[in-house]
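J.: Sequence:
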Amino acid sequence: MSNEKVKLLVVEDDILVAQDISSRLIDKNYAVVGIAATAGEALQFLANNTVDLILLDIILKGSRDGIELARIINKDFKIPFIFLTSHADSYFIERAKSVKPHAYILKPFNDRQLMVAIELALLNFAEKKSEQHLLKTSTFPASENQVLHIKDSLFLKKNHHFERVPLEDILFLKAENNYTSIHTKSKKFMYSVVLKKIEAQLPKHLFTRIHRTFVVNIQLVSGFEGNTLFIQGQKLPVSKSHKDQVFQLFRTI
1 MSNEKVKLLV VEDDILVAQD ISSRLIDKNY AVVGIAATAG EALQFLANNT
51 VDLILLDIIL KGSRDGIELA RIINKDFKIP FIFLTSHADS YFIERAKSVK
101 PHAYILKPFN DRQLMVAIEL ALLNFAEKKS EQHLLKTSTF PASENQVLHI
151 KDSLFLKKNH HFERVPLEDI LFLKAENNYT SIHTKSKKFM YSVVLKKIEA
201 QLPKHLFTRI HRTFVVNIQL VSGFEGNTLF IQGQKLPVSK SHKDQVFQLF
251 RTI
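Every letter in the sequence shown is one number past the one before it in my numbering, and letter 4, counting from 1, is 4.
FYI, nobody ran anything at the bench for these hints, they're computed from the structure.
Here are the computed lysine-lysine pairs in the DSSO-like style, where the Cα-Cα straight-line distance is at most 30 Å: (1) 187 <-> 204; (2) 100 <-> 28; (3) 7 <-> 107; (4) 185 <-> 243; (5) 128 <-> 78; (6) 196 <-> 5; (7) 197 <-> 174; (8) 187 <-> 240; (9) 197 <-> 158; (10) 78 <-> 151; (11) 61 <-> 100; (12) 197 <-> 129; (13) 129 <-> 28; (14) 7 <-> 128; (15) 188 <-> 240; (16) 174 <-> 204; (17) 61 <-> 97; (18) 188 <-> 5; (19) 100 <-> 7; (20) 187 <-> 174; (21) 128 <-> 151.
Here are the computed distance ranges between Cβ atoms for each label pair: (22) 113 <-> 235: 47 to 57 Å; (23) 186 <-> 28: 17 to 27 Å; (24) 245 <-> 127: 24 to 34 Å.
All residues carry an ideal CB built from backbone N, CA and C; glycine is no exception.
With the sequences and hints as input, model every part of the structure.
T.: Next comes the structure, spelled out in structure tokens:
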């Protein structure tokens, strides 16, 4: 599949709480790829699996707590994480700030708070920011049309959750009024946001605009003829305003 569920790891030493969080996430169309009760279990899982986001309890059984685990995640894995905790005293807050969490949830929390925290964490990670207001409830007006470029994928918000589309699978993007269709190697993915907004998130060394309607993956163009580019059996027009720039690019790669 070209668009995939966002993969989450839950690190929580209370198995009932972990299962409850996992059920909520699955109901919201996220993929819970693992549950870990200790820092050691989490590190072993991260070493052998792909994870997009971690929900991490600060208090864990064992020699390392969630804050120490977060420090290792920042150094060795560079994955966004959300702190979960029922502890709001100054000692834990200051230690938590030191590892720059991307979001923070105080227990107990509802589904809406969980979804906002996930969006905030992905947004902060994409913008290379951490969450500073650890004791405040996040109530920012979350966009229904969020587009984030994280590592090698686009994270597209759809129906209150995110889906991940690997950049290498995207053939081209096409503007369709206030929508954009993302054409991948295996399917067409419609998204309710204008092409210009998605284009701004794309790495310029991989994607270029060839027409007011089209942005293409440069590496997947198989050839050109006249004012037409060929990409996986499809013919895409190159407009006069983009012609010189586009064909100069393809003559030099």
